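Participant: Sequence:
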Amino acid sequence: MTTMAEPTAFDTRALREGIERSDAETLLALYADDAELRVVDRKTQPSHPLVMHGRDEIGAMLSDIYSREMTHTLEQVVVQDDHVAFMESCHYPDGVRVLVTSMADLRDGRIVDQTSIQAWDETGPGQ
Numbered sequence: 013m014t015t016m017a018e019p020t021a022f023d024t025r026a027l028r029e030g031i032e033r034s035d036a037e038t039l040l041a042l043y044a045d046d047a048e049l050r051v052v053d054r055k056t057q058p059s060h061p062l063v064m065h066g067r068d069e070i071g072a073m074l075s076d077i078y079s080r081e082m083t084h085t086l087e088q089v090v091v092q093d094d095h096v097a098f099m100e101s102c103h104y105p106d107g108v109r110v111l112v113t114s115m116a117d118l119r120d121g122r123i124v125d126q127t128s129i130q131a132w133d134e135t136g137p138g139q
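Take 13 as the starting number for the sequence shown in the numbering used here and just add one per residue.
Accuracy of the hints is not assured; some may be wrong.
[What the hints assert, rightly or not] Result set (SDA-like, lysine to any residue): computed pairs, CA atoms no more than 25 Å apart in a straight line:
id, residue 1, residue 2
1, K55, T85
2, K55, D68
3, K55, V124
4, K55, V108
5, K55, V110
6, K55, S75
7, K55, D133
8, K55, Y104
9, K55, A72
10, K55, I77
11, K55, C102
12, K55, M115
13, K55, G71
14, K55, D76
15, K55, S114
16, K55, L86
[As the list claims (entries may be wrong)] Pairwise CB distance ranges (calculated):
id, residue 1, residue 2, range
17, D93, E134, 36 to 46 Å
18, D106, T20, 33 to 43 Å
19, D106, D46, 35 to 45 Å
20, E29, R119, 18 to 28 Å
21, S101, S79, 11 to 21 Å
22, P58, H95, 11 to 21 Å
None of these hints come from the bench; they were simulated from the model.
Quantities reported herein were computed from a predicted structural model and do not represent experimental measurements.
Idealized CB from N, CA, C, for every residue including glycine.
Throw the hints in and build the complete structure from the sequences for me.
Facilitator: Structure, rendered in C-alpha cells:
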C-alpha cells in the first residue's frame, strides 16, 4: 500500500514573528532557494517591477528593510492550498506609513513566487 505524504504547511507563526520582530533571517527561511520576488510601487511600476531571484537577493532586501528604524505589523494572512496572501503595515518614527500586500505560491511550505505591492504615504522616502 502506498501512502501520500502530507504536504508541508506554510509557517504563519514564523511569518508573524519575522515581520513583527524585524527578523530578516526568520523571514528568509520561508523562501525556497529558487524563489522569485517582484515588488511593485510608485517607482517600480507593473511594467518594470523590481525583481529579485534566489535567497541571496531576497535576503539582502529583507536585511535592508528590517534593519530600518520602524515597526512592522502583520495585519492579515490567509493560506489556501499552495498559496499565501498577507498584508503588512509599517510605521516610520516620523509618522510615514507603508502598506504592503503580498500574494505568493508555495512549494513544500516555502515561498517560490511572490508579488508584493506597496503603497507609501506621499511624504515617504524617495516619493
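Participant: Measuring from beta carbon to beta carbon, are P58 and H95 in 11 to 21 Å?
Facilitator: holds (20 Å)
Participant: Per the hint of 11 to 21 Å, is the separation of the Cβ atoms of S101 and S79 within bounds?
Facilitator: Taking Cβ atoms as reference, S101 and S79 lie about 18 Å apart, which means the hint holds.
Participant: CA of K55 to CA of D68, is that 25 Å or under?
Facilitator: holds (23 Å)
Participant: Given the hint of 33 to 43 Å, is the C-beta distance from D106 to T20 inside that range or not?
Facilitator: For D106 and T20 the Cβ distance comes to about 41 Å; the hint holds.
Participant: Would you mind confirming whether the straight-line C-alpha gap from K55 to V110 stays at or under 25 Å?
Facilitator: The hint holds at about 14 Å.
Participant: Taking 25 Å as the top limit, are the C-alpha atoms of K55 and D133 close enough?
Facilitator: holds (13 Å)
Participant: Measure nothing beyond the straight line between the CA atoms of K55 and S114; if it is 25 Å or shorter, mark the hint as holding.
Facilitator: Holds, because 17 Å separates the two Cα atoms, which is no more than 25 Å.
Participant: Hinted pair, alpha-carbon criterion (25 Å max): K55, V124. Please report holds or violated.
Facilitator: Answer holds: K55 to V124 is near 24 Å, not above 25 Å.
Participant: Using the Cβ atoms, figure out if D106 sits within 35 to 45 Å of D46.
Facilitator: holds (38 Å)
Participant: Regarding the pair K55 and C102, is the alpha-carbon distance no greater than 25 Å?
Facilitator: Cα-Cα ~18 Å, so holds.
Participant: Does K55 pair with I77 here, judged by a C-alpha cut-off of 25 Å?
Facilitator: Holds, at about 16 Å.
Participant: Against the 25 Å threshold, does the CA-CA distance of K55 and T85 hold or violate the hint?
Facilitator: holds (23 Å)
In summary, the structure agrees with every hint in the numbered list given earlier.
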